[in-house]
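Asks: Assemble the whole structure, with the sequences as input and the hints as a guide.
Take the position in the sequence shown, starting the count at 1, then add 335; the result is the number in the working numbering.
Just so you know, the hints here were simulated from the structure itself, not pulled from any lab data. Take these hints with a grain of salt, some might be off.
Said to hold, decoys possible - Estimated spans, in silico, between C-beta atoms of each pair:
id	residue 1	residue 2	range
1	404	368	15 to 23 Å
2	425	454	17 to 25 Å
3	454	342	32 to 40 Å
Positions of the beta carbon are idealized from the N, C-alpha and C atoms, including for glycine.
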Amino acid sequence: MSSVQPVLASQRVQFQQTFSEVWAQSSSQAATTSHIIWYDKASPGMFNDNIHVLNPGTTAATVTVSLPGAATQTLTVQAGGEAYATFPQGTMGGPVTVTSSQAVLASQRVQCYNSFNEIWAS
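Replies: Right, here's the structure in full:
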């Protein structure tokens, strides 16, 4: 989304019997390193835990998503594009570190039992 005037934007998700809303971030909040406290694809009911990466820039970004004890994931995210990484079922720990050759926005999307939640990396 782009605008010549300030706007507030969000993403709303309805999943099963849950509702989630996440405020949009501006491209000025993009970073070359960001962190997510915890990753869990091992606890009962945890069936999706994905790290999403958005490149608001004009140059492709090489992104690594790392978690202690797990194989590092490498992504190429085209300019204006989005990609995601995930670790195998049974993986749990933290922190997740997202590093990139270009400033990117990263978030974590989790599905647990019949619920969905998304948080921005910091």
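Asks: Evaluate each hint against the coordinates.
Replies: Here is how each hint holds up against the structure:
1. 404 - 368: 15 to 23 Å: holds, 20 Å
2. 425 - 454: 17 to 25 Å: Given a distance of about 22 Å, which is inside 17 to 25 Å, the answer is holds.
3. 454 - 342: 32 to 40 Å: Given about 22 Å between the Cβ atoms, the range is violated.
Hint 3 from the list above is the single one not met by this structure.
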